[in-house]
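Colleague: Add chain B to chain A, keeping to what the hints say.
There are 2 protein chains.
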Amino acid sequence: MKDVLEFWFDFASTYSYLTAMRIEEKANARDLCVVWKPFLLGPIFAKQGWSTSPFIIYPAKGTYMVHDLKRLCRDRGLPPFRLPDQIPAHSVLASRIALIGLDETWGVAFYKAVFEAEFSQGLDIADDNILRTILSELAQDPVYVFEQALDIKNKQRLKEQTDQAERQGLFGAPSFVTPGGELFWGDDRLEQALDSLIT
Amino acid sequence: MKDVLEFWFDFASTYSYLTAMRIEEKANARDLCVVWKPFLLGPIFAKQGWSTSPFIIYPAKGTYMVHDLKRLCRDRGLPPFRLPDQIPAHSVLASRIALIGLDETWGVAFYKAVFEAEFSQGLDIADDNILRTILSELAQDPVYVFEQALDIKNKQRLKEQTDQAERQGLFGAPSFVTPGGELFWGDDRLEQALDSLIT
Numbered sequence: 022m023k024d025v026l027e028f029w030f031d032f033a034s035t036y037s038y039l040t041a042m043r044i045e046e047k048a049n050a051r052d053l054c055v056v057w058k059p060f061l062l063g064p065i066f067a068k069q070g071w072s073t074s075p076f077i078i079y080p081a082k083g084t085y086m087v088h089d090l091k092r093l094c095r096d097r098g099l100p101p102f103r104l105p106d107q108i109p110a111h112s113v114l115a116s117r118i119a120l121i122g123l124d125e126t127w128g129v130a131f132y133k134a135v136f137e138a139e140f141s142q143g144l145d146i147a148d149d150n151i152l153r154t155i156l157s158e159l160a161q162d163p164v165y166v167f168e169q170a171l172d173i174k175n176k177q178r179l180k181e182q183t184d185q186a187e188r189q190g191l192f193g194a195p196s197f198v199t200p201g202g203e204l205f206w207g208d209d210r211l212e213q214a215l216d217s218l219i220t
Numbered sequence: 022m023k024d025v026l027e028f029w030f031d032f033a034s035t036y037s038y039l040t041a042m043r044i045e046e047k048a049n050a051r052d053l054c055v056v057w058k059p060f061l062l063g064p065i066f067a068k069q070g071w072s073t074s075p076f077i078i079y080p081a082k083g084t085y086m087v088h089d090l091k092r093l094c095r096d097r098g099l100p101p102f103r104l105p106d107q108i109p110a111h112s113v114l115a116s117r118i119a120l121i122g123l124d125e126t127w128g129v130a131f132y133k134a135v136f137e138a139e140f141s142q143g144l145d146i147a148d149d150n151i152l153r154t155i156l157s158e159l160a161q162d163p164v165y166v167f168e169q170a171l172d173i174k175n176k177q178r179l180k181e182q183t184d185q186a187e188r189q190g191l192f193g194a195p196s197f198v199t200p201g202g203e204l205f206w207g208d209d210r211l212e213q214a215l216d217s218l219i220t
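Residue numbers (the numbering used here), protein chains in the order written: chain A, 22 to 220; chain B, 22 to 220.
Chain A with its partners taken away, still in its complex shape (with noise of 0.2 Å):
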């Protein structure tokens, strides 16, 4: 049994984005395992008083995040950083769909289309049409993955998911646990977080 990480990411996290396109490298490297746990960080915001993204209530932080966006992707050879014009994104549709995928071959590959529509093609993820374009490329069915993501039974899960992730005490995205519920909160901290299980 190889050991496992769980990496919580919000699609409307610029920095689950960085993490989302190098996590499966990096463990592979380490012979380790990655849960992907796709959660709403809306509602925690609202805990703490956000009504939307930080980025947003506080200006200064905004700039700075573009920028600092703007070098990662250049120095990781990612795609230029692009914003979309409506931020934070309307991820409840595509973390829907997320769960469906966890349990498919497809997943993987549909998380990190979804990022790379919205970061390196500027696209709004919470658009239909682009959601079922990246599943229709992925050979799915959009019809029926999106019957299944709006199940009500699916969106519970979504609900449960993002009450187990406050219960954790994740307060931002992307963050790691370990199996004995270790926190790291920060694409800064992936190196750190997967070393933590091998040694």
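Same chains, same names: a pair is fine if it fits in one copy or spans any two.
As a list, the in silico DSSO-like pairs of lysine-lysine whose alpha-carbon atoms are at most 30 Å apart:
id : residue 1 : residue 2
1  : Lys82     : Lys133
2  : Lys91     : Lys23
3  : Lys23     : Lys47
4  : Lys180    : Lys133
5  : Lys82     : Lys176
6  : Lys180    : Lys82
Worth flagging that the hints you see were computed from the coordinates, not collected in a lab.
Computed from a prediction, not measured in an experiment: that's the story for all the values here.
Modeller: Then chain B, alone, in the frame of chain A:
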């Protein structure tokens, strides 16, 4: 002429402590110089609507920060991290003395000693006696240094330095500013900030 990186710090900032304990070694290894820039986060936080540290306002973040600092101090061979009873520290007096130290050979030793007193011994750096002891241990006359530090011109200098920080877009500490005005935020960006001067 060596290139120079500005290191903006507040003594109340836990992550500034991490940087203070390693920035000289990292800069020397790259043949770069560092200018230490003490400033006050308080007035900048106040304009963001925060009356105290975000680690107090957002308890989940505060709990995590302490855990993160403990891990990082352990991994870097620093003494066990201790959070003082009074957080955030009232760093204004230490910062005023820090400005005097900028022009003196004892400056950097003083900054590191203050950070160590605060986060490895858990002392309250707003206490005159702590600061006097540190100065004495550095063979400085506390009476003379306090007199300079509390001069109206020096108080004004700290205010201006804080205003300058805000004009440069700083919203947290530690922050690094290159000669070209590029901003990097957080101890996690120290290497990237230094490397940006040599590439």
